[in-house]
Structure formats: structure tokens, C-alpha cells
Amino acid sequence: MNIELTELTRRFGRTRAVDGVSLQAGPGVFGLLGPNGAGKTSLLRTMATVLPPTSGKLRLLGRDPGGYGPRREIRRRLGYLPQSLGYYPGFTVAEFVEYFGLLKDMPPGRVPRAVAVAIEHVGLGDKARAKLRTLSGGMLRRAGIAQAIVNEPELLLLDEPTAGLDPEQRVAFRGLLREFGQRSTVIVSTHLVEDVGAACTEVALMDAGKIVFHGTPEELTARGEGSGAAGDAPLERGYSAVLAAARSVTAARA
Amino acid sequence: MSDPDTGRDYPAASRRGRWGGGPPDVDLGRVWTGVAAQVWRREPGWLERAAGRLLRSPGLARALLTTPSLLVPWLIASVVVLGAGAGATLGTGTPYVALLAPAVAGAGIAYAYGPGIDPAWELSQSMAVSDRMVLLVRALAVFGLNAALGLAASAASGAAVAITFGWLVPMTAVCALALAAATLARSANVGVVAGLSGWAITVLGGRVADGRLTAAVTSASLVLPYLLFAAACGAVAWYATRIPRGTS
Amino acid sequence: MDDDELIARVAAGDDTALRVLFSRHAPWLAARLRSVLSAADVEDVLQETFLAVWTGARGYRPEGLAGGWVWGIARRQAALFLRRRGPAALVLPAVVAADGRHAGDPAEAVLSRAEIADAVAVLGPEGSPDREVWQLMYVEDRPVAEVAELTGVPVGTVKSRAHRARRRLRSALRSSERVQRGRAAEDGRATEGGA
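Residue numbers (this note's numbering), protein chains in the order written: chain F, 96 to 349; chain D, 21 to 268; chain B, -13 to 181.
In isolation and in its complexed conformation, chain F is listed as follows (with noise of 0.2 Å):
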């Protein structure tokens, strides 16, 4: 087990981003679904040690990351890309793609072909000596991803990873994932259901910092049928039924 989220509760004065989260994830690539707001940045920030958790347990490779040195250690074998990366406009992607990969204690030896590998996987290899600032958003967004896997991670964390990705990119993306899952634990934040579908092996699916769904794709298809859900794939139609049905269950507890 990569990943075992035991009760995990992160609170931001009143509010409950995060509210009782219990999770274990092994390799693989795990599909997190959600409206926004539903919690699926802060949960995957407590997964990349950004931000500590209120309550509960969390552990992460075997380890707790409260602690400075099994922290330190996480990080060196963690991958993540946030929602929303900044970026160095007079670096260039190999540059980017190094210096985090640096971060990351990677040992200096291995960093140039790390870097030069994870610039080809993600297709950036003929900018690779292009600065950041000519870079469209989808362009930035890959190089975000690069600099995710650059470093062999077992966890990889990635919010809205297909953000301005046209569709040939996000299929060479799902080749990606479906890579690292045969090692590592991928998790996908991302509220595009279809990218779901097609990579991920499990699912969960999060409403206001809970997951009212953890399952196959299938099973959350399945879900939807004949329940006269909105959408227009069957794996919609199963996230809003699934939806529907947690949030009657919250309006008829109040």
C-alpha cells in the first residue's frame, strides 16, 4: 500500500475540506472525481505533504509524514502537480524540468538523461531548450507533468493534469499514466469524466470533503443506469446519479 488515509479531516476555520477521508490505494492509477469545491485539491495537497492534516492518520510509502526526516524521504520518491503551477519564465523546459528535479535530492549524476526521458515522454522534446515564456498553456502543462515524473516517482499526484491538452495529447497522456500505474500509485484529480474512464482502474468520487464513491469505472456506470441521471455517457450519468443520490442523503440528515 502506497497510500492508507485513515479518517483524514483537514479543516479550514469552520469549513471541512477535507472531512473524514479513509483511502488505500496500492499501484495503480486511481481516478479522484468531483465538482469544485468538493475537496479534491486538498486532498491531494495532503497527499503531497503541502498541507498537514487536522485529524486522522495519513501514510504515505509505509511512512508518517509528520516527521521532518520520513517526510524528506516521501518527497524524494513523490511526483505532483498542482492545479495551478507557476513557472520561471526566463528558465527553459529542460531547465524547469532540472532544477525540481534537483529538489528532489535526485543524485546530480542521474538528473541530465531523467530529465532528458521525462522531456520525450510527455512530448517536449523539440522545445526542450525553449524558455517557459514561448510555451502555450498546454505546452506549460506538460512541462508541469514532466517535471512530476522526472525523478521515477511511486506516488504521483496530478490536479487537473489535462488542463489545455488537446485530444491527441491527453490520449498520449493516458499512455502515460497507464505506464506509471504498472509501478507506482497515480492519482488523477480532474472533474473530466471521460479521462476517468479510460485510464483509471479504481475510482472515488468526493462531495463537499467526502467520498460517497470508491469503486471500478464500471461500477460507477453502472450506477447510472436506468436511474434517469444526467449526462450523456454512461460514466456521467453514473457520476451525477451517484451525486444526486449523496446529496439527498445529506438533505434529508438536515
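It is possible that part of the hints are untrue.
[Unchecked claim] Partial pick of chain B residues on the chain D-facing surface, computed with a CB cut under 8 Å:
1. R20
2. A25
3. V28
4. E29
5. L32
6. F36
7. L37
8. W40
9. T143
What the hints contain is simulated information worked out from the structure, not anything from laboratory work. This structure is a prediction, so every number in the text was calculated from the model and none was measured. The beta carbon of each residue, even a glycine, is placed where N, CA and C say it ideally should be.
Knowing the structure of chain F, use the given hints to seat chains D and B on it.
Showing chains D and B alone in chain F's frame:
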């Protein structure tokens, strides 16, 4: 990613597919990444290598040397300002260096935090080399460099010994203030403004109280308050870099 | 964009031009080297070759002979590689040089074989008269009389076809060799360092 090709169904992404042709057992993709690794690599300079050994972290050394306020244009600007101050001191007898040095350093410290970290701030927070460590090393380097420049300018301007060293303590306080403001507001510019205005107020206040511009620098009774203030600002900066912001 | 322009760009430091050159030339270079080296060795030699192209592009004179130039570099890198490895790597027998060149250096002989294998294509498709004669007389080392019997033509015809095959091969090899020799002097110093 040195595992052998497992066969992909996306030609655009396939590392082998991109390099069509050639014998099937020769991995041209691997050959190209080997070439690209050498062609694209950045060779660290002697300074970065030395810093890497000293700090025992190549990543930290790289982060240090990309500090905006350690870059050449900034250094030149600092030298010019302090040099002008030294010249003015020699000319007029007013120890401008003592008054300018804290201001220059304060601004430099604010930019130890600034654009160098800010854009990819959230990402930096997930790094093994922690952003706080980077900030600390950068702040120390900027402070040390500015102190050295200031001392050189002070000595060159023939100021009295008390004044030559006297401004180091206020400089520490101003730098701490600039850093605290910058980290709280997450903006280098706010830090600069806070540092400069704080210092200006102190100097003018000293003049009003004591009749001399240099009161803020030379008055021994201010040493302890300066240091306490610096410590408090340091704690604020520490705290500000601890709590990650953002909801949902 | 043609090869000359690409190489000029590489000389100016454009790595994307190197990438295009690689995609154009690496496959056939790999195929030619593969006939004499193992796959892993081909990969190593190709990597050194293109690094040498990167550093030595300034030495190229644009005359539309980029293929020969690149092969020249690959050949030198392969020879260096083989010499470093020692005699054990040179298990392939020395080849009969088509124009009587004596390949004194086993490494060079091995590579000559690769070049010839490629140049033989100039004799025509498999089964064409010149190609067949070449195969029987020089590769399989059969006497003229036997070849005449196998191909069903008079001995005189066999001899003249053999002569023609040698001539065509010689000229094909010479034209690429002229490029290599001419460039070797100029860029040899730049590219040898790539080993």
C-alpha cells in the same frame, strides 16, 4: 524510464514509434535520450559546485544561485548604490553608507523570497529540499553579501569605526522586517516597501529625537531593541512560511 | 528542410535540428551497424555518433553528401568502439574488399563489410544477374566454372558479369569513401574526441 518497450497503441506517445525504422531490437528512443541528456544538460559553474559541496545539497546550491537578488544585475545595483554612498560620505562627511546599507540589504532580502520562489510556490512546498531551507540559505547569503559590500564601502569612505560597524545591527532588523512582510504578504514588493519605510521612519525618528541622522545607527541604547525586533520578525517569517494557504 | 541546412543549424547550436537529423539518419545507420554489431553495441555507437555530430557539425562542408559524412562519423566511432573492446569482439571474418583494398585493421574490415552489404544493393535486386554472380563468386566463394553451371550461362558471361559487378561496387564505394576521406581530415579531430 529504462524499461524495454512494452508496445504502445498511441503512436504519438510511443517512444519507439517516434523513431520509425531501424532494426527492431535497437531502441532508438533510448539512444536519443542518451544524446539529448548530453545536449540539453546544464553544467553547473564552479560556484554552484562549491556551494553544493558546502551545503551538501546540489538542489539547494542551485536554488541559492537562482536567487533574484544574487543575480548580476542586482549585485551591480547594490555596488553602485553603496559606492555612491561612499563617495557622498567622502564628500559631505555625512555617513551615507551607514544609512543606505540597511536599506539596500532589506530590499535584497525581500527578493530572496520573491520571484525566485513565488511562482512555483506550491510545488516548492512539496520538494525534498524544503522551501524554508531555501529561504534561509538565500537570506543568509544575501545578508552576508550585503554586509560585506557595505563594510567595504564604509571602510572606503573613511567613516569612523563605530559607524562602520554600527549599522550591522539595524541592518539585521531591517532585513528581518522585510522578510517577515514579504512572507506574510507573499510578495517581495511588500517586503521591500515595509523594509524601506520602516528604516526611513527609524532614521527620521532618530533625527527628530537626537538631532542627527545617524542617531539610528550609532545610538547604543537601540541595539537591544533592534535585536529583539529582528528576532520577532524572524519568528513571524518562520510562522508565515509554515502555514500553507488555500482552501478546497 | 534538407540535410545541409539541418547540419548548418546544428553547427549553430540548434538541438531541434539534431533531433530531425537523428530521426532521418539513425534508422539506416542502425541497420547498417547492426549487421556487424550487437543491438546494445549499436545503441552505444549511435549515441556517440550523434554526440560527435553535435560537436563536429562545424566541420561539415555543405555539398549534399550528408549521408556519407554521418556514416563516416559512425564508422569512426564504431572502429574506436571495437578497438577498445579488443579482438574478442571481432569474431566476424575479414571481408574480401571489392577493389582489392587490404583491410589491415580488423575493425576496419568489419566495418567495410557493413558498407559493402549496403552497397551491394546497387547491383540490383536479389536474383538479378550481377547480384547473383556477386553472391556466388565473392560471398560463397565458388569457382567460375561452378557459377557458370549454376546460373546456366557460359563461363565468359560469368566473368564479364563479375567484372561489371566489381566495377559498379567499386565506384559506389569510392564515391562514399571520397566523402569520408575528404571530410575525415577536416573533422577527424573534432569527431574523434567524441569517443
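**OP:** Any hints from earlier that this structure breaks? Give me their numbers in increasing order, please.
**Re:** 9
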